[in-house]
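Combine both chains into one complex, guided by the hints.
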Amino acid sequence: MLLSSPGFWIKIFIAVQMVLLAAEFSPDISTNGDDAKYLILGQSLASGNGYHCIYEPASPVETQYPPLFPAFLGFFSLFGGEQLVPKIAVGIISGCMLLLLFYYLRSTFPRFALPVTLVTALSSSVASHSTVLLSEIPYLFASLGALMLLELYRRRGGTGVIFWAAAITAIAPAFIRTVGISFVAAWVISTILDKKYKQAAAHLVIFISATFLLRLTTSWNSPYIDQLFRRNSYNPELGFVTMPEMIGRIGMNLHEYLFGVLPQAMLGGSLPPNVSLVLSFGLMLLAGIGWVRNFALPTRFLSFYLLFYGGIICMWQTQWTSLRFIVPIVPFLIILALLGLETVIRFVLRIFSQGKESGFLKTGIIWSAAAVLALLNGCGQMRLLNENNALTADWINFYRCADWVRVNTPNNAIVVSRKPELFYLRAQRRGYVYPFSTNAEEVIGGLNKGEAQYCILDNFFWTGTTRHYLVPAIRKHPEMFRIVYSLTDPETYVLEIRK
Amino acid sequence: MKGMCFNKNASFYAVFFAVWAVFILVKYHGHRFEESPVPSAGLEQSMGAETNAEAPLQAKIAELRQKLVRATTNAQKSMILQDIGYAYANFFNVTENVLFRDSAVENMRRASTEEPGNGRLHYRLGKFYGAIGNQQQALEQYTLALRCDSTYVPAFTDAAACSYFGFNRNDDAKRYCNRALKLDNQAPLCHLILGLIDLDAKRIESGCENLKLEIAADESVMAKGNASPEVESIRFAASTAHYRLMRLYCSQVPDMALAREHLDGYLRFETDSTRKSAAIEAMKKRWGS
Numbered sequence: 001m002l003l004s005s006p007g008f009w010i011k012i013f014i015a016v017q018m019v020l021l022a023a024e025f026s027p028d029i030s031t032n033g034d035d036a037k038y039l040i041l042g043q044s045l046a047s048g049n050g051y052h053c054i055y056e057p058a059s060p061v062e063t064q065y066p067p068l069f070p071a072f073l074g075f076f077s078l079f080g081g082e083q084l085v086p087k088i089a090v091g092i093i094s095g096c097m098l099l100l101l102f103y104y105l106r107s108t109f110p111r112f113a114l115p116v117t118l119v120t121a122l123s124s125s126v127a128s129h130s131t132v133l134l135s136e137i138p139y140l141f142a143s144l145g146a147l148m149l150l151e152l153y154r155r156r157g158g159t160g161v162i163f164w165a166a167a168i169t170a171i172a173p174a175f176i177r178t179v180g181i182s183f184v185a186a187w188v189i190s191t192i193l194d195k196k197y198k199q200a201a202a203h204l205v206i207f208i209s210a211t212f213l214l215r216l217t218t219s220w221n222s223p224y225i226d227q228l229f230r231r232n233s234y235n236p237e238l239g240f241v242t243m244p245e246m247i248g249r250i251g252m253n254l255h256e257y258l259f260g261v262l263p264q265a266m267l268g269g270s271l272p273p274n275v276s277l278v279l280s281f282g283l284m285l286l287a288g289i290g291w292v293r294n295f296a297l298p299t300r301f302l303s304f305y306l307l308f309y310g311g312i313i314c315m316w317q318t319q320w321t322s323l324r325f326i327v328p329i330v331p332f333l334i335i336l337a338l339l340g341l342e343t344v345i346r347f348v349l350r351i352f353s354q355g356k357e358s359g360f361l362k363t364g365i366i367w368s369a370a371a372v373l374a375l376l377n378g379c380g381q382m383r384l385l386n387e388n389n390a391l392t393a394d395w396i397n398f399y400r401c402a403d404w405v406r407v408n409t410p411n412n413a414i415v416v417s418r419k420p421e422l423f424y425l426r427a428q429r430r431g432y433v434y435p436f437s438t439n440a441e442e443v444i445g446g447l448n449k450g451e452a453q454y455c456i457l458d459n460f461f462w463t464g465t466t467r468h469y470l471v472p473a474i475r476k477h478p479e480m481f482r483i484v485y486s487l488t489d490p491e492t493y494v495l496e497i498r499k
Numbered sequence: 001m002k003g004m005c006f007n008k009n010a011s012f013y014a015v016f017f018a019v020w021a022v023f024i025l026v027k028y029h030g031h032r033f034e035e036s037p038v039p040s041a042g043l044e045q046s047m048g049a050e051t052n053a054e055a056p057l058q059a060k061i062a063e064l065r066q067k068l069v070r071a072t073t074n075a076q077k078s079m080i081l082q083d084i085g086y087a088y089a090n091f092f093n094v095t096e097n098v099l100f101r102d103s104a105v106e107n108m109r110r111a112s113t114e115e116p117g118n119g120r121l122h123y124r125l126g127k128f129y130g131a132i133g134n135q136q137q138a139l140e141q142y143t144l145a146l147r148c149d150s151t152y153v154p155a156f157t158d159a160a161a162c163s164y165f166g167f168n169r170n171d172d173a174k175r176y177c178n179r180a181l182k183l184d185n186q187a188p189l190c191h192l193i194l195g196l197i198d199l200d201a202k203r204i205e206s207g208c209e210n211l212k213l214e215i216a217a218d219e220s221v222m223a224k225g226n227a228s229p230e231v232e233s234i235r236f237a238a239s240t241a242h243y244r245l246m247r248l249y250c251s252q253v254p255d256m257a258l259a260r261e262h263l264d265g266y267l268r269f270e271t272d273s274t275r276k277s278a279a280i281e282a283m284k285k286r287w288g289s
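Residue numbers (the working numbering), protein chains in the order written: chain F, 1 to 499; chain G, 1 to 289.
For reference, chain G alone in the conformation it holds in the complex (with noise of 0.2 Å):
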């Protein structure tokens, strides 16, 4: 009985813990923890009031929800879901609220398992994935849209840029752009690839043929006047063609008349004004005047 008496240490413990106590508190005086900083982790972005931009979206997904009800057959509802996948795509680009963007991938992506053997919805899906930056996604969605049909050359021709502009990956590119040109001689991009894969290589007779050939074909094509849903990689490869051209006709093939003449080519199709204005003065300092 007498081990489990500890009256006589009772203050010494009291004050003990009591000294403990005091200590804390002082040292945490104030100390309040819905204000105790935290550092910082991530950039952070606090937007502004909310607008009416959304309004027009709302009623047009209200819509295709209701339509998508209706709808009997996969294919129905795999172009729906698609269609809402781009309303949703449209607004991601407007708003940048990347809530939109999830969902636009999200409803393409029901659309393409609702149909799986239609490469098209695979080609869509890759072409957004490569918007978004996403060009891992893009080029897988390319290849499913490839394994669905071997003779869409859209899926060749963004494989191929995408094999080459995303991943150096030439050997890819070239199978792919090779592919491509047999089903179509005229299909955009290729040539272009083609070329820039040969001046790489340091073939620069070679890489002039086909950049050449790739103007000839993208005159041809914007010549006819079919090719509205491309014209943006027309434009791109047409412009990039010419530049390099021009600057192989500044440096390492020198020739005036053909660099003004790929000058002058370039400048008809490449539209931001700086990029112009870049090519005129790198032009004057080569040439003069």
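So that you can see chain F by itself, here it is in the shape it has in the complex (with noise of 0.2 Å):
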């Protein structure tokens, strides 16, 4: 009786994943600087100094970063512990997550509940962004959140609590995270298909509202528009993209996702990278027959906003393609390749018994399938727990000088360094990144304008910034500088810039 109860087997995933989020857990900040980045702007807005990046000397309204993951820190941070307590809430909401997942497919994809919950539940992908301060899980949650608001409202209809709860809910992802327009997008598209056109109009006019209010307390400059034409932000000497340009970054961006992110993304990075391609090609192929038959079903929602998702992180800098992006719509992607598994048993099925459908072989193939994915992201899960995730030489000798510099400087001394935000929370020392120009003269301008007193001169394996713009301008100019501390294996300084 308790085996054959879905609550029972819900109780039972969830238990797993959070068992192996504990075994993951790491109580530092990761290195990827933008963790580094929501937490600061949590504090400064927990502190009550507004939405400000307060790690930089002149604390400038943060322009890039939707709020909302940054308050959801700020108010956890309240509860003391730094960064511990918001990286404990992020786990959590990774496991309620889970939970909502479950729970709104009950409602849409009952046969799907448990097998794509299980698949989630063991997802190496999911798991690693589950115990960082990035937006991604509470991204997934608060989109799982509004569609689950959105399904109750399709059910019930009329326009009480449901209705305004579902079309507030539903702005929480572009607020999140700025890729999630293509949520908002979506939705409309989809409401007004339902021909629910109170709820399209109610879920625009308040996004709408609250991206104006959002604007006019900060800033109506976003740098992401600069962004996603840029060639390279690292380099913005080389300009922005032409239109066959940007056709090619899709291009490029397609071939990266179906070839390398998403074969890791679905099928856990255990397996040799061949085996992987031709699995996880397979298993695009039956995600795009889910994703084709889906625009006919009441779930219709999940079509367009993958391919509103799908459109804009294929037009982002080619740099940036990552695993991150992908992590959002995992659980999507899996109920989408289940669909298409089930509409290709159905043919096959129809075909070759006359049009009588087994339930049963159907329900054994697709449990079987989820089966082996699980199987293969468990694997993926004990790859990342026998996983080295000790700091490389690099980042060891960035921290070190971090480590001198909050030693040895004055309180209000400001450092020049490639990655500010991690310098602050290490240091307590603010700073800024030094201009990514060639030209030396503008690189010292930037030093001299933001009154630093030191700069960090790194030797970071994952970027060359330093040593593209920071050393020539040094190397110009050697007598603005003095070594106060080095450290070798590999050569990092910290310099003392002379007035």
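Incorrect hints may have been included.
Claimed, not checked - In silico DSBU-like pairs for lysine-lysine, Cα to Cα no more than 35 Å straight-line:
#	chain 1	residue 1	chain 2	residue 2
1	F	LYS11	G	LYS27
2	G	LYS77	F	LYS476
3	G	LYS77	F	LYS499
Stated by the list, open to error - Some chain F residues flagged as far from chain G (calculated, every beta-carbon gap over 12 Å):
#	residue
4	PRO223
5	THR242
6	ALA296
7	LEU297
8	LEU385
Simulated from the structure, these hints should not be mistaken for laboratory data.
Note that this is a predicted model, so its numbers are computed, not measured.
Here a beta-carbon is modelled for each residue, glycine too, at the ideal position from N, C-alpha and C.
Right, dumping it as structure tokens:
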């Protein structure tokens, strides 16, 4: 009796997921930089300083990241423990997301509810983003929350609490990640096609009003447009893309996502590359079939959403193509893949069984496919657990320089570095990034303009910007700098800037 | 609708997530990101307080930069850039600040690109590379210098020294030495390198001959008194030749008088007192007081 209860199994899945998350949990901030920025913005909000980049000397207003996720982190940082409590909150959100996914699927695709929840619970890509301060999991949680409310509204109708709750909650993804505008667009289109015109209008009005209010209180400038059309944000001198280049970029991103990122996201990254590629291609083919079929179902929102979402991420600069962008749609891709598989099975059964459908066979195949995906992702999780997550030597030296600066410089010292957000959290000193320019005078001008007193000459393995922009400027004016602290392997320096 | 209701399980999940949170909180209680230890990667060095030693450099660089702005020809520019490079190199020698080292290289490089046909600029850059221990780049610059001027003896001798001492490329070193000696039969270091190559190949007689030729050449150049820029290499060549001969006459071709003669020669050219004492000790050990 107990074993046949889905409620029992979902508890098991969530328990397994949370145990794995506890094993993978690290109390430190990861080195990708974005989480440090989210946390600082949250701290700024929590301390009543508004939505400002308090790690920069002038504390400018934040114009890039939407405020909902930083506000979430800021709220939890009020409970102390610096980044620890916010990180725990993200982990719990991941568990809640699984719960929402299960209940959403029970009302939309009941036959997929347990298989999809199982695969998502064991998904290594979802897990790796559940123990960091990144917005992907909260974004997915908000998306599922809105979808559940949409489903409730679709069934109940009317203009009561559920109507407004759905219309309001559906703007949350766009205020967690800017790519969430794809969610808004899909919401409007799918509700119009469902002839829920009031819902579409209410949602649009709420979204526009909230955006207007946010821009009014922060800034009308958004760096996203500039970033979208730049050839390379790390080399601004290259200028902006042309239309053929944009088409080429979309093609390159599509290729990279299909053959590089998706195999890792869907199959856990534990298979040999060629096997993974073939399996992933098959999976995407099924997802494609499911995506097309889903346009004819009441859940057509998902098809529109993935179309817009995929379009946006494929337009993004190619150096930013990564697993991060896929994580918020992993469960939806699994749903569509299973829907595609079901469509194929139904088609094959109709041909070979003269129209008689075998529900048992269909369920068996779907469960087998889900079990294979879950197993592969489980192996991926094991790999994550055994992975050496120790800092690399370049980061060790960067942090050691930050430690030296914290102990040996005045509290108000301004430090130029490649990762000022992480530097701020580690060294407790404000700072900013040097200008990305090959004109040495411009770089020196940038250091002087910001009244920086120190500068970190890093030797990061993952980026060449310091070597490309800062080092030539220092070589041109070495008399302006004095080495006050140095480390070897790799060579990393704290330089004092002479006035 | 029934499927979407999870109220009855809410308390279970609330307790479960609370237990999870408490477990993590207890496990990492008191953890602070800024104080979490990072392992050691490389050697560290914290510099002392700033001194005024660099003030003259700043003045000199400023002056040279002004000159550079006024320079009209590539030759003028390259000379000024080289002077800037030398200024940085001098300060690197005094302060050991690697930023000055890199700037010295950068400016000398710019000097050589400003006037690419000037072999001396390549040669001087090569000398600086050699001084900071980058033998590969040094040899490359000597080769470039020789491409610009195939009669430039110092480039031959330094390329030979670099090939022999830096890379054990005896054939290359021999070729450079022979070319240098054809142009100047008293070119310092060349006979020494040829002698050492002979000794390495157990050609004792020819090795001794070459070492003696080196000593004779060095004595002659020193006697003329016109070798001030190369005095260090002459001292090195003469002292090494005398020392190797002394060792030969102490062991493979025993002759106390000749050994003594070369010890005296060695002591004249060697400036390091520890090495001098060691040579005297070796002599005493072999022949007694």
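Here's how the hints hold up against the structure:
As the CA atoms of F/LYS11 and G/LYS27 are separated by approximately 24 Å, the hinted pair is consistent with the 35 Å bound. At roughly 16 Å between alpha-carbon atoms, G/LYS77 and F/LYS476 fall within 35 Å of each other, so this suggested pair holds. For the suggested pair G/LYS77 and F/LYS499, the alpha carbons sit about 28 Å apart, so the restraint of at most 35 Å is met. For F/PRO223, the shortest C-beta to C-beta distance to chain G comes to about 27 Å, beyond the 12 Å cut-off, and the non-interface label holds.
Its beta-carbon lying about 34 Å from the closest one in chain G, F/THR242 satisfies the requirement of being farther than 12 Å from that chain. Even its closest Cβ contact with chain G, about 22 Å, leaves F/ALA296 beyond 12 Å, as expected for a residue assigned away from the interface. With a least CB separation of 17 Å from chain G, F/LEU297 remains clear of the 12 Å interface cut-off, as annotated. In this structure F/LEU385 is separated from chain G by more than 12 Å, as the shortest Cβ-Cβ distance comes to about 16 Å.
Consistency with the previously given hints is maintained throughout, with no hint failing.
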